[in-house]
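Undergrad: Sequence:
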Amino acid sequence: MKKTAAVDHPIQNLLAVRWSPYVFNEQPVPVADLRSLFEAARWAPSSYNEQPWRFILGQRGQGDVHGRILQCLAEPNQKWAQKAPVLVLGTVVREFVRNGHPNKAAQHDLGLAVGNLLVEATARGLHVHQMIGLDPEAARSAFSIPMNAEALTAIAIGYADKTGAGDPALAERDAKGRERRSVSEFVFGDRFGESAKLS
1 MKKTAAVDHP
11 IQNLLAVRWS
21 PYVFNEQPVP
31 VADLRSLFEA
41 ARWAPSSYNE
51 QPWRFILGQR
61 GQGDVHGRIL
71 QCLAEPNQKW
81 AQKAPVLVLG
91 TVVREFVRNG
101 HPNKAAQHDL
111 GLAVGNLLVE
121 ATARGLHVHQ
131 MIGLDPEAAR
141 SAFSIPMNAE
151 ALTAIAIGYA
161 DKTGAGDPAL
171 AERDAKGRER
181 RSVSEFVFGD
191 RFGESAKLS
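Residue numbering for the sequence shown follows the working numbering, beginning at 1 and increasing consecutively.
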């Protein structure tokens, strides 16, 4: 299965080979790797160095957190995510700790932290699949998330099952090529919608 991006301009190979599978095998992720993934997240930039991300970690076969996270996911996500050996809830604290004012960058900064995490995961031969399909209030109840915070995304971490075993429809999705808009479609110059000149 060739999933390397067909890039128009040179980029780092880790970014070109990263992709998000639906079919995971059940091989556990070494704890040392998980530590390094969250260490990478730790060093992401954030507004005023607030670091508004908080992660709830569930490992299959270790307590019930994995199952409790699974129950917070939208049903279509539950079907495939149950096989991932690691499930994580990515939450944001929406207020600055120092003054209680709203942090408009909180979601953005969670994204930066997860971006670091997934690059580190790719470097270690792991795959990450992010999900927005979850019930934040179910997560709040299940994990006592305070009112100034919210479970925003769920993250499956593990090893892609490239054998095509299991659900054929999901395996077919994983086998599809990767597509993206061209740079000219989202980098603008004079006004929104007009491509910037990058020559």
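Everything labelled a hint here was simulated from the structure, so no lab data went into it.
Watch out, some of these pointers could steer you wrong.
[To be verified] Straight line, CA to CA, 25 Å or less: simulated BS3-like cross-link-like pairs of lysine-lysine:
#, residue 1, residue 2
1, Lys162, Lys104
2, Lys104, Lys176
3, Lys197, Lys2
4, Lys162, Lys176
5, Lys104, Lys3
6, Lys83, Lys197
7, Lys3, Lys162
8, Lys197, Lys3
9, Lys2, Lys162
10, Lys3, Lys83
11, Lys197, Lys79
12, Lys2, Lys83
[What the hints assert, rightly or not] Distance windows between CB atoms, simulated:
#, residue 1, residue 2, range
13, Gln78, Lys176, 15 to 23 Å
14, Ala74, Arg191, 31 to 39 Å
15, Ser47, Ala6, 21 to 29 Å
16, Ser47, Ala175, 36 to 44 Å
17, Gln130, Thr4, 46 to 54 Å
18, Gln82, Asn148, 29 to 37 Å
Keep in mind the model is a prediction, meaning the values are calculated, not measured.
Ideal placement from N, C-alpha and C gives every residue a C-beta, glycine not left out.
Undergrad: All the hints need checking, so say for each whether the structure fits it.
TA: The hints, checked one at a time:
Straight-line distance between C-alpha atoms of Lys162 and Lys104 comes to about 40 Å, which puts the hinted pair past the 25 Å bound. Distance restraint check for Lys104 and Lys176: the Cα-Cα separation of roughly 36 Å exceeds the 25 Å cut-off, and the hinted pair is therefore not satisfied. Taking the CA atoms of Lys197 and Lys2, the gap is about 32 Å. The hint is violated against a cut of 25 Å. At most 25 Å may separate the alpha-carbon atoms for a hinted pair to count; Lys162 and Lys176 meet this at roughly 12 Å.
Of the pairs offered as hints, the one joining Lys104 and Lys3 is violated, with about 35 Å between alpha carbons and a cut-off of 25 Å exceeded. A distance of roughly 45 Å separates the Cα atoms of Lys83 and Lys197; the hinted pair therefore is violated under the 25 Å criterion. Under the criterion of a C-alpha separation no larger than 25 Å, the hint pairing Lys3 with Lys162 is consistent with the structure, at around 11 Å. Distance check on the hinted pair: Lys197 and Lys3 sit about 30 Å apart at the alpha-carbon level, beyond 25 Å; violated.
With a C-alpha separation of about 10 Å, the suggested pair Lys2 and Lys162 falls inside the 25 Å cut-off, and the hint holds. Of the pairs offered as hints, the one joining Lys3 and Lys83 holds, with about 21 Å between alpha carbons and a cut-off of 25 Å not exceeded. As the CA atoms of Lys197 and Lys79 are separated by approximately 45 Å, the hinted pair breaks the 25 Å bound. Using a Cα cut-off of 25 Å, the hinted pair Lys2 and Lys83 holds, with the two alpha carbons roughly 22 Å apart.
Checked against the hint of 15 to 23 Å, the C-beta distance between Gln78 and Lys176 comes to roughly 22 Å, which is consistent with it. The hinted window of 31 to 39 Å between Ala74 and Arg191 holds, with their beta carbons roughly 37 Å apart. Distance hint check for Ser47 and Ala6: the Cβ-Cβ separation is about 35 Å, which falls outside the suggested range of 21 to 29 Å. Take Ser47 and Ala175: their Cβ atoms lie about 39 Å apart, and the range 36 to 44 Å holds.
Checked against the hint of 46 to 54 Å, the pair Gln130 and Thr4 fails, with Cβ atoms roughly 20 Å apart. Between Gln82 and Asn148, the C-beta spacing of about 31 Å keeps the proposed range 29 to 37 Å intact.
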